[in-house]
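Enquirer: Chain by chain, the residues:
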Amino acid sequence: MTRAAPSSREPVIGTACTHCGLAVPRALVHDGDGPQFCCAGCHAAYDILQSSGLSQYYAFRDKREVPVRRSGRSFEEFDHPAFGELYVQGIEGGRSRIELYLEGVHCASCVWLVERVPLLLPGVARAELEVRRSLARIEWDASMVSLSSIARTLDQLGYTPHPFRGVARDEMRRREDRAMLTRIGVAGAIAGNVMLLALALYAGGPHGMEPRYVLLFRWLSLVLTIPAVLYPGRIFFTGAWGALRSRTLHMDLPIAIALGAGVTRGAINTITDSGPIYFDGVCLLIFLLLVGRFLQQRGQRTANDAAELLYALTPTTARVIEDDGVERDLPVVGLLPGMQVLVRAGESFPADGVITVGESSVNSALLTGESHPTSATAGTAVFAGTLNLTAPVQLRVEESGASSRLAKILRQVEESAQRRAPVVLLANQLSGYFVGAVLVLAVITFLVWVSRGEARAWDHAIALLIVTCPCALALATPLAVTAAVGRAARAGIFIKGGDALESLTHPGELILDKTGTLTEGRTSLVRWIGDDAVKPMMLALEAGSSHPIADGFRRAWPGLATTPVQDLAHHVGAGIVGTVDGHVVVVGSPAFVAERATGGAQLLAQLDASELTPVVVAVDGLVVAVAGIGDRVRDDAAAALAALRRRGWRTTLLSGDAPRVAALVGARLGFAPEEIIGGASPEQKLALVRERLAQRSDATRPVVMVGDGVNDAAAIAAATVGVGVHGGAEACLASADIYLTTPGIEPLVRLVEGSARTMHVIRRNIGFALGYNAVGVALAMSGLISPLVAALMMPASSLTVLLGSWLGRSFEAADPPRLLDRDTVGPVSTLESAA
Amino acid sequence: MSVLFIVVPLALIVVAAAVAAYVWSARGGQFDDLDTPALRMLHDDEAPASRVAPPTKGA
Numbered sequence: 001m002t003r004a005a006p007s008s009r010e011p012v013i014g015t016a017c018t019h020c021g022l023a024v025p026r027a028l029v030h031d032g033d034g035p036q037f038c039c040a041g042c043h044a045a046y047d048i049l050q051s052s053g054l055s056q057y058y059a060f061r062d063k064r065e066v067p068v069r070r071s072g073r074s075f076e077e078f079d080h081p082a083f084g085e086l087y088v089q090g091i092e093g094g095r096s097r098i099e100l101y102l103e104g105v106h107c108a109s110c111v112w113l114v115e116r117v118p119l120l121l122p123g124v125a126r127a128e129l130e131v132r133r134s135l136a137r138i139e140w141d142a143s144m145v146s147l148s149s150i151a152r153t154l155d156q157l158g159y160t161p162h163p164f165r166g167v168a169r170d171e172m173r174r175r176e177d178r179a180m181l182t183r184i185g186v187a188g189a190i191a192g193n194v195m196l197l198a199l200a201l202y203a204g205g206p207h208g209m210e211p212r213y214v215l216l217f218r219w220l221s222l223v224l225t226i227p228a229v230l231y232p233g234r235i236f237f238t239g240a241w242g243a244l245r246s247r248t249l250h251m252d253l254p255i256a257i258a259l260g261a262g263v264t265r266g267a268i269n270t271i272t273d274s275g276p277i278y279f280d281g282v283c284l285l286i287f288l289l290l291v292g293r294f295l296q297q298r299g300q301r302t303a304n305d306a307a308e309l310l311y312a313l314t315p316t317t318a319r320v321i322e323d324d325g326v327e328r329d330l331p332v333v334g335l336l337p338g339m340q341v342l343v344r345a346g347e348s349f350p351a352d353g354v355i356t357v358g359e360s361s362v363n364s365a366l367l368t369g370e371s372h373p374t375s376a377t378a379g380t381a382v383f384a385g386t387l388n389l390t391a392p393v394q395l396r397v398e399e400s401g402a403s404s405r406l407a408k409i410l411r412q413v414e415e416s417a418q419r420r421a422p423v424v425l426l427a428n429q430l431s432g433y434f435v436g437a438v439l440v441l442a443v444i445t446f447l448v449w450v451s452r453g454e455a456r457a458w459d460h461a462i463a464l465l466i467v468t469c470p471c472a473l474a475l476a477t478p479l480a481v482t483a484a485v486g487r488a489a490r491a492g493i494f495i496k497g498g499d500a501l502e503s504l505t506h507p508g509e510l511i512l513d514k515t516g517t518l519t520e521g522r523t524s525l526v527r528w529i530g531d532d533a534v535k536p537m538m539l540a541l542e543a544g545s546s547h548p549i550a551d552g553f554r555r556a557w558p559g560l561a562t563t564p565v566q567d568l569a570h571h572v573g574a575g576i577v578g579t580v581d582g583h584v585v586v587v588g589s590p591a592f593v594a595e596r597a598t599g600g601a602q603l604l605a606q607l608d609a610s611e612l613t614p615v616v617v618a619v620d621g622l623v624v625a626v627a628g629i630g631d632r633v634r635d636d637a638a639a640a641l642a643a644l645r646r647r648g649w650r651t652t653l654l655s656g657d658a659p660r661v662a663a664l665v666g667a668r669l670g671f672a673p674e675e676i677i678g679g680a681s682p683e684q685k686l687a688l689v690r691e692r693l694a695q696r697s698d699a700t701r702p703v704v705m706v707g708d709g710v711n712d713a714a715a716i717a718a719a720t721v722g723v724g725v726h727g728g729a730e731a732c733l734a735s736a737d738i739y740l741t742t743p744g745i746e747p748l749v750r751l752v753e754g755s756a757r758t759m760h761v762i763r764r765n766i767g768f769a770l771g772y773n774a775v776g777v778a779l780a781m782s783g784l785i786s787p788l789v790a791a792l793m794m795p796a797s798s799l800t801v802l803l804g805s806w807l808g809r810s811f812e813a814a815d816p817p818r819l820l821d822r823d824t825v826g827p828v829s830t831l832e833s834a835a
Numbered sequence: 001m002s003v004l005f006i007v008v009p010l011a012l013i014v015v016a017a018a019v020a021a022y023v024w025s026a027r028g029g030q031f032d033d034l035d036t037p038a039l040r041m042l043h044d045d046e047a048p049a050s051r052v053a054p055p056t057k058g059a
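Residue numbers (my numbering), protein chains in the order written: chain A, 1 to 835; chain B, 1 to 59.
Rather than coming from a laboratory, the hints here were simulated on the basis of the structure.
In this text the structure is predicted, and so the values were computed from the model without any measurement.
Misleading hints may appear alongside valid ones.
[What the hints assert, rightly or not] Facing chain B, from chain A, some residues (calculated, C-beta under 10 Å):
(1) VAL131
(2) VAL186
(3) ASN193
(4) LEU196
(5) GLU210
[Unchecked claim] Residues from chain A shown here face chain B by an in silico Cβ test under 10 Å; the list is partial:
(6) CYS110
(7) ARG174
(8) LEU181
(9) THR182
(10) ALA243
[As the list claims (entries may be wrong)] Simulated restraints on C-beta separations:
(11) LEU10/B to MET209/A: 12 to 22 Å
(12) GLY41/A to ALA38/B: 23 to 33 Å
(13) ARG173/A to ALA20/B: 19 to 29 Å
(14) HIS760/A to ALA16/B: 40 to 50 Å
(15) LEU10/B to ILE226/A: 50 to 60 Å
(16) ARG40/B to GLN297/A: 19 to 29 Å
Built from N, CA and C at the ideal position, the CB exists for glycine as well.
So that you can see chain A by itself, here it is in the shape it has in the complex (with noise of 0.2 Å):
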């Protein structure tokens, strides 16, 4: 299959890269219309799809995501009997099954590449993956295929694996949303029926309809509420018998005395046949409450989740040097303080410890945030958790498992998570006071009426009860939060808890992360003080270069052709000399370039060096241009920092650099001086949060924290809302309550004005439900109200409820405007207009 990748969608000057979209540096370019390949990784991907028939994956492909990722770990792991006991189940016929959570899921063609695995690995008998939680449900035989080979397959597609340990308590939500489900149905089911019957009554009733015709429906409708209450609806009355038990008002309460009361009188009146039945309303009552109940359940539960998934980043198994020299492969729980551990290259650190034996560069993305490696050699401190790249190690373990740095870290995440609690709980009081009044009402209905008869003061008093059922007002928060959850996350905001939507209605503390959120977090070209002419001269040298910084060059002038290049030599850390056209072309650090050309002080001085990297170009041993390279600022976060100003919100940087960048970038964007707080540890990150919460005026400002490393993720959590924008780390995104799905940090801007909207159709529902009840208490008190009246309020509040739910504009559905996508297009005067 030969398709010109992303061209059908998106404008991509020069050549996009057929696997993964990136651009192809010229000299990598060859003619003809065939696949066209960034690097030999992606020939080789490429090769692998089409060998296998599995071509279509770029049919699929949602072309605006980034491009593939992948560890390169060996993932030796998997195959320890410690981790099987963890992780993975036995299950008939011999096989293992295991839940794998995947880095990267996040479209159709994810599920499809996830879901052939069998075909490229004989022994893996199922593979299926769910979308929305990413996770994978691994079936496997062992005796075929190693779980390690398994993984190694999953993350050379892209997909991270990770185990997951919440395997039996989703068995069992499972059970429990299929029981609900269920539920659901069946009351749904009788409720439709049971009304068909009344309006028959309704209807027929005035018109002199047979009495033996009365008699059947009213029988049949006693015969079908009867099953509707004792299953569906059992859960109310246990729910009020817990309730009563532990002394306290809850919700169910009036709701099983309503349906008690509804279902009892309704029997004797059917036996009697004199008065109301009420099984219509009874029946519709159990059916709308499950629905509200089943959409609030499952919006707890995505929030839930978080937890589980942080833990499955730190790995799971040590290799351990014994005294004699013999390796020993032991559970990360097993280790000590004092025990020597070797790690491999691409496997993370499972304790903190100081390495004793090597020399190698280690990533600590995971919990500082920074994206450079930095070098470690004997009697560097390292933490568990951080990836050892280049060479083996050997770490005499200092803290491990629950008193290692990740794990503390993780920890307070998990208690800032539990401590946002309160706010359901005063919703549940909230409840509570409804429900007292609509019981201290009832008996008062039923004493005003006792004295024309005992029959009519029960009516009055059911009608009551029914009639102002919380059906709407249970309603009205779960079906508004459904319907913007869902417009959001079209929009590119990926909402997990409803309460983030009612926080954000006020202004507050805005606290951003740096490196990452507000700037891009990789190395780009900020600055070009000099002449264009030579931009093709040196992409031409640095067109092979495998060097950050030649790819920061090569992002920021895709379409710019080139000219071969004779006599290249890299001189590493230092620069690239080459000839092109005739001309020597100099390239490199200010003195590897000194050396060589002569000229380019001025040129130099105009760089701001203090924040840039510069990198000069000499042409013929003269200076002509100067290059700045460094971390660049969002395009679009000027702009939106300046329109969340506006509506009120202060806004402070925080980040994990050193102050003095923090400083210039944060002057840059607008933040004054006290608003810059730069070189913050993750502990002092989280610190600086729990301040802001302690210190606000008003309970109702929230304080909001937007970031995108694990050293965001503690502070994340203890936020009111957390925010983690696009391309953050996994642990971060997890412990976020919204999630960014698009570039950039304007979805903020969005996210605040649809959060305002959707608590205002919220305010609407919950006024047209009390408006509904008010007028129901008092035409029931009055004993105005009918049985056809009280059938006719109860469903029409509902609906109204509905419809304002679904019609409010609390996102905008339609795609915004995107900004140009830097990966592709970054014209130049962006970049300039930037810096």
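Could you slot chain B onto chain A? The hints should help.
Expert: Quick look at chain B alone, frame taken from chain A:
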């Protein structure tokens, strides 16, 4: 109109059958995941042209 004595109970039996079918599908897990099957139906069922050996480490 006395046909109602037969038709209405008959209708209720049909409803019972529908409810039974729904309960069966809910218990069987057909509503567990509502997102993925919608994406899955996009895929063709065609058999792959060939199989490849599992990619090894570093491939």
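Enquirer: Could you check the structure against the hints above and give me the numbers of any it violates, in ascending order?
Expert: 10, 15
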